[in-house]
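Undergrad: The chain contents come next:
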Amino acid sequence: MSLPVANAKVPTQSFSGALGDRLFVVGGKLLLLAFLCVAVLMPLLAIFWRGFTPVAGGGWMAAKELLASDNFHWLLGNSLKVSFSVAGIVVPVAYLFAYALQRTLIPGKAVWRGISLLPLLAPSMLPGIALVYLFGNQGWLRGLVADNIYGFWGIVLGEAIYTFPHALMILLSALSLADARLFDAASSMGASPWRAYRSITWPATRQAVFAAFCLVFTLTITDFGVPVVVGGDYQVLALEAYKAVVGQQQFGRGALIGMVLLLPALLSFAVDAWLRRRHGEAMSGRAQVFRPAPSRLRDGCYLALVLLVCAALLLVVGMAVYSSLVKFWPYNLSLSLVHYRFDTTAGGGWLAYSNSVKMALGTALIGSAVIFTGAYLMEKTQGLRRLNLLLRLLSFVPMAVPGLVLGLGYVFFFNLGGNPLHLFYGTMTLLVVCTIAHYMTTAQMTATTALRQLDGEFEAAALSLKAPLYRHYLRVTVPICLPALLDIIRYLFVSAMTTVSAAIFLYSPDTILAAVAVLNMDDAGNVGGAAAMSTLILLTSAAMSVLLAWASRGLLRRSQAWRQGAPGH
Amino acid sequence: MNTINTPGARMAVRGIHKRFGAFTALDDVSLDVAAGELVCLLGPSGCGKTTLLRCIAGLERQDRGQLFIGDRDVSLLPPQARDYGILFQSYALFPNLSVEANIAYGLAGLSREETRKRVGDMLELVGLLGSERKFPGQLSGGQQQRVALARALAPAPSLLLLDEPMSALDARVREHLCTELRQLQRQLGITTLMVTHNQDEAMLMADRIAVMNNGQVEQYASAQEIYDKPATPFVAEFVGQGNWLPFQRSSDSHARVGGMDMRLAPDASRAHSGRLFCRPEAISVNPTVHEENLFPARVREITFLGNRCRMSFEFNQFPGHALLAEVAPESMPRLGSPDIWVALPPRSLQVFA
Numbered sequence: 001m002s003l004p005v006a007n008a009k010v011p012t013q014s015f016s017g018a019l020g021d022r023l024f025v026v027g028g029k030l031l032l033l034a035f036l037c038v039a040v041l042m043p044l045l046a047i048f049w050r051g052f053t054p055v056a057g058g059g060w061m062a063a064k065e066l067l068a069s070d071n072f073h074w075l076l077g078n079s080l081k082v083s084f085s086v087a088g089i090v091v092p093v094a095y096l097f098a099y100a101l102q103r104t105l106i107p108g109k110a111v112w113r114g115i116s117l118l119p120l121l122a123p124s125m126l127p128g129i130a131l132v133y134l135f136g137n138q139g140w141l142r143g144l145v146a147d148n149i150y151g152f153w154g155i156v157l158g159e160a161i162y163t164f165p166h167a168l169m170i171l172l173s174a175l176s177l178a179d180a181r182l183f184d185a186a187s188s189m190g191a192s193p194w195r196a197y198r199s200i201t202w203p204a205t206r207q208a209v210f211a212a213f214c215l216v217f218t219l220t221i222t223d224f225g226v227p228v229v230v231g232g233d234y235q236v237l238a239l240e241a242y243k244a245v246v247g248q249q250q251f252g253r254g255a256l257i258g259m260v261l262l263l264p265a266l267l268s269f270a271v272d273a274w275l276r277r278r279h280g281e282a283m284s285g286r287a288q289v290f291r292p293a294p295s296r297l298r299d300g301c302y303l304a305l306v307l308l309v310c311a312a313l314l315l316v317v318g319m320a321v322y323s324s325l326v327k328f329w330p331y332n333l334s335l336s337l338v339h340y341r342f343d344t345t346a347g348g349g350w351l352a353y354s355n356s357v358k359m360a361l362g363t364a365l366i367g368s369a370v371i372f373t374g375a376y377l378m379e380k381t382q383g384l385r386r387l388n389l390l391l392r393l394l395s396f397v398p399m400a401v402p403g404l405v406l407g408l409g410y411v412f413f414f415n416l417g418g419n420p421l422h423l424f425y426g427t428m429t430l431l432v433v434c435t436i437a438h439y440m441t442t443a444q445m446t447a448t449t450a451l452r453q454l455d456g457e458f459e460a461a462a463l464s465l466k467a468p469l470y471r472h473y474l475r476v477t478v479p480i481c482l483p484a485l486l487d488i489i490r491y492l493f494v495s496a497m498t499t500v501s502a503a504i505f506l507y508s509p510d511t512i513l514a515a516v517a518v519l520n521m522d523d524a525g526n527v528g529g530a531a532a533m534s535t536l537i538l539l540t541s542a543a544m545s546v547l548l549a550w551a552s553r554g555l556l557r558r559s560q561a562w563r564q565g566a567p568g569h
Numbered sequence: 001m002n003t004i005n006t007p008g009a010r011m012a013v014r015g016i017h018k019r020f021g022a023f024t025a026l027d028d029v030s031l032d033v034a035a036g037e038l039v040c041l042l043g044p045s046g047c048g049k050t051t052l053l054r055c056i057a058g059l060e061r062q063d064r065g066q067l068f069i070g071d072r073d074v075s076l077l078p079p080q081a082r083d084y085g086i087l088f089q090s091y092a093l094f095p096n097l098s099v100e101a102n103i104a105y106g107l108a109g110l111s112r113e114e115t116r117k118r119v120g121d122m123l124e125l126v127g128l129l130g131s132e133r134k135f136p137g138q139l140s141g142g143q144q145q146r147v148a149l150a151r152a153l154a155p156a157p158s159l160l161l162l163d164e165p166m167s168a169l170d171a172r173v174r175e176h177l178c179t180e181l182r183q184l185q186r187q188l189g190i191t192t193l194m195v196t197h198n199q200d201e202a203m204l205m206a207d208r209i210a211v212m213n214n215g216q217v218e219q220y221a222s223a224q225e226i227y228d229k230p231a232t233p234f235v236a237e238f239v240g241q242g243n244w245l246p247f248q249r250s251s252d253s254h255a256r257v258g259g260m261d262m263r264l265a266p267d268a269s270r271a272h273s274g275r276l277f278c279r280p281e282a283i284s285v286n287p288t289v290h291e292e293n294l295f296p297a298r299v300r301e302i303t304f305l306g307n308r309c310r311m312s313f314e315f316n317q318f319p320g321h322a323l324l325a326e327v328a329p330e331s332m333p334r335l336g337s338p339d340i341w342v343a344l345p346p347r348s349l350q351v352f353a
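Note that the protein sequences, when read in sequence, are chains A and B. The numbering of the first sequence is this note's numbering, which starts it at 1 and goes up by one. The numbering of the second sequence is this note's numbering, which starts it at 1 and goes up by one.
Any given hint could be a false lead.
[As the list claims (entries may be wrong)] Going by beta-carbon spacing under 8 Å, a handful of chain B positions derived as facing chain A: (1) 44; (2) 59; (3) 79; (4) 81; (5) 84; (6) 85; (7) 90; (8) 92; (9) 94; (10) 97; (11) 220; (12) 221.
If you're looking for bench data, these hints aren't it; they were derived computationally from the structure. Ideal placement from N, C-alpha and C gives every residue a C-beta, glycine not left out.
For reference, chain A alone in the conformation it holds in the complex (with noise of 0.2 Å):
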C-alpha cells in the first residue's frame, strides 16, 4: 500500500532548539541559584557574621554576656514556657479535630474545614486584638477570667488560635491516608477499634504530629505579633529582637537573639528529616481507601469537639470583625465604618492597604513562576546533577528559617557597605523577593507533587519530537498541572498578605504594607483601627481565595473532557 504524502522529508523544527533548550534549562537554573543565593543564602550568612561581629552589640563577648544574663534567661524562659505550653495545647486538639474529619461520619465536613482554616487568612495580630475585646481591661467576656488577659495566658491562647489551622493542615493530610485492608484484617482477628488505632493509625501519623508540634513550636516561639498586643509586661525573646533591631538599633544583639531563635527551627527540621527517610512510604499503590463506619457514640463526641473548637475560632474571628464596626468600644456600641477611615489616622492607612495588595500580587504572580518553573526544571531536565542537588538543598532552607530570623537577616545583607544591592533596601522589589523566599518550600513542594503525577516520558516524548522544551512546559505541563498552579498563587498571595514576621523589617514609609499598619496602630493605642485593617485583610485574602477557588472549579469543568481517566496523570 503507498500512502498520499510528499515524498521529500516532511520539515519539522529545525535543531537550534537544542540551543534554546539548553538556555532554557541551564539558564533557568542559574538564575534560580542566583535567586537563592542574594534571597535566603547571604542573608542568612549576614546574619552570622553581624552576631559575631564585635559592634552594635554583637560579637563573641557580647554573646557570652548575653547568653549569661538573667534578663535573657527570663526572656528565654518566657519563650520556651509559651512555646511548649501552645503545642501541648494546638496538637492534640488539631489531632482529634483532623481525625473527626477525616475519619467519622460528623456532618458538615466542609463547613468545619473551613472555619477551622479561617485564622490563616489574617495577620497574627487580629487573634491578639480579638481576645483584648473579650478578655482586656474593658473586654465583653472580662468577668470570666480573674485576672485580665495580658501575659502569659493572652499570649498562649492568641498563639493557639493563630497556630491550630498550620498544625491543622499537617494533620489532616497524614490522616487523609488509610488502608483499609489493615483495619480489616485487624477485625479480622478480634482487634479492638483502640487496638486498632494504636497499631496502625498511630504508627502512621506520629511522624505528622511530632511536625506538627515542632511547626507549632517554632511559629511561636518566632510570632512577635500575639505578644506584641496582649503581652503586657510578659517579654519573650522573639518580640526582643524586633525590639533589639527596630527600636535600638542594635544590630548585633539582634542577630545573636536571631540565631538563638534559628535553633529550635533547624534541630526540629533536621530531626523531622531524619524521621522521615526512616519512616519511608507507608502506603502502598494497592492500598484501598478507608470508608468509616458509622458510630452515633463516636460522632456525637467529635462533632461536640468540632463545634466548640470552631465556636471558639468563630467567636474570635467575629469579636475582631465586629469590633471593628463599634464606634467607640465599650461606651458607644452602635456600628460605624468609622475605623475604616484611615487617611484620617496614623500608621499608613490605605497607603499601606493598597501596597499589601500590589505585594501579595507580586509576590503571587512572580513567585509562582518562579517556582513552578524551578521545580520543573529541577524534576524534569536531566543534567547538572550537582547545581540539582544544589538547588534542592537551598530551596528547603526557607522551610526551617523563621520569619524574623530571615528578615533580620535581609536588614544585616542589604546594609551592608558597599553591598551594590543596598538600593533595593526598603523597596517593593525587596519585600516580594523577600516574601517569595520566605514561603517558598511550601510551594514549591505543592509544584514538585504535581509534576510528579506527570508521566516521566513527557519531555523525551517531547524532544524524540523535535519540539523545543520550553514550549512544551508552556503548552503541556502548565495547562496540566494549572489546578496546582492556582493552588499555589492562593498560598502566595495570603501568606503575603498576612506577614509581618519578615517584612516588618523592610519597609520604608512609601511601602508600609497593611499588616505593618495593624501592629503600628496597635501601639499607637488605636486598636479599632487594628481591628479594622486586620479585617481588611482577612476579608481580601478570603476574596481572592474564594475566586481562586472559582476559577479552579471552573476550569476543571471545562477540561473535563481530557482530564478524566488521562493517561500519565
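Starting from the structure of chain A, add chain B where the hints point.
TA: Using the frame of chain A, we list chain B on its own:
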C-alpha cells in the same frame, strides 16, 4: 501517489559502555541494524536493553562508544537532532491535547492545511480516521498506542524506537497488534528497534533478535537460529524451555550422562565435560522406529496443555534428575505404563562446556 515514509536508514552501535555508579548497564555493546529491518532487544529486566534504547534516543549519554543513524555519527547529538521517532511503554500522549494536536506536535514549518493533511494521512495509516477531536483519555489502550505511533511517525523519522510497546495492553489484543505493527513497519520500510522482555513478541515480529544479559549482547541472530542454536547457556535458558544434563566425555563420539553413554553429533563441541542441552519437543517418546540414544525411563507426571502434553520423566540410569518432554496428545494412548523408552537424537543435543 507517493509514499508516506522516507526509506529507513541503517543504524549502528559501536562499543557502547554505560555505567550507573558501580553498576555496569552496558558493557561494550555493538549492533548493526540494516535499513528497513526490525530488530528486537530481548532480555530480562536489568539486562541493559532499555538503557541501550535510551542511549540511541539520546535520553542517556553513553560513557564510551559511538552511535550512527544512517551515515551520521549522532553519538554526541542532543535528542532533538537525532531524527528518530519513539513509542514509549506508557505512550506519553499529552492528555490535554487532542489526538490531532498530539500528532501535529512534532510538525513544524507546515501550513495549517498541510498539517491537517499530514495528520489525516497518519490517522488513516493507523486506522483511526475520525478521532481527530478526541482526547487520549477517551480512547482505549490499543487506540492510544496507535495515536502514539502516528505521532512518532508523523515527522517521517528514519528510525523508529519501540520501548515495550505491548506491555500496557491486554493479553488478548496483544498478538493482534503485534502483527499489525509488524505489517505497518514492513509497508513503511522503516528501520525499527524494539525493546521487549517477552520472547513471543520478539519471535512474532523481529527480523533479528539481540538477546541481552548483564549489559552484553549474548546472541544476535534470527528467531529460528536463536531457538535452534542458542549461542550461550543463557540464551538457551531464556528463550523457550530446555533440559540440562551434566556430562563427562567418554570418547570422541560419546558422552557419559549418569549411567548412560550418549552419542553426540559429529560437529559438536570437543569440550571435556559440561552440560548437554536439549529442547523438550526434540525428545521422542516410545519411538516406533529405532532411534539412537534410546534409554529406558519412568514417567513422573503428565500435564495436558490442550494442543500438546508436557511429560516429566527420569532416566532409569540417571535417577533423581527430572527432564521435560513435549508430545502430541494423540501419542499419549501409547503411554500405557509408567515405564517408557526415550530417545535423545544426537542432532538435538547441544554441548556447552
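Undergrad: Next, verify each hint and record whether it holds.
TA: The hints, checked one at a time:
1. For residue 44(B), the interface hint is violated, since its Cβ never comes within 8 Å of a Cβ in chain A; the closest pair sits about 22 Å apart.
2. About 5 Å separates the beta-carbon of residue 59(B) from the nearest beta-carbon of chain A, less than 8 Å, and the hint is met.
3. Because the smallest distance between the Cβ of residue 79(B) and any Cβ of chain A comes to about 4 Å, under 8 Å, the interface hint for this residue holds.
4. A distance limit of 8 Å between C-beta atoms decides the matter here; for residue 81(B) the minimum to chain A is near 4 Å, and the interface restraint holds.
5. At its closest, the beta carbon of residue 84(B) sits 6 Å from a beta carbon of chain A; the interface hint therefore holds under the 8 Å criterion.
6. For residue 85(B), the interface hint holds, the least distance from its beta-carbon to any beta-carbon of chain A being 6 Å, beneath 8 Å.
7. This hint holds: residue 90(B) has a C-beta 5 Å from the nearest C-beta of chain A, less than the 8 Å allowed.
8. The restraint placing residue 92(B) at the interface with chain A holds, with a minimum CB-CB distance near 4 Å, inside the 8 Å limit.
9. Hint status for residue 94(B) relative to chain A: holds, with the closest Cβ pair at about 5 Å, below 8 Å.
10. Because the smallest distance between the Cβ of residue 97(B) and any Cβ of chain A comes to about 7 Å, under 8 Å, the interface hint for this residue holds.
11. Because the beta carbon of residue 220(B) sits about 25 Å from the nearest beta carbon in chain A, more than 8 Å, this interface hint is broken.
12. At a threshold of 8 Å, the smallest CB-CB gap from residue 221(B) to chain A is about 29 Å, leaving the interface hint violated.
Hint compliance for this structure: hints 1, 11 and 12 are broken, all remaining hints hold.
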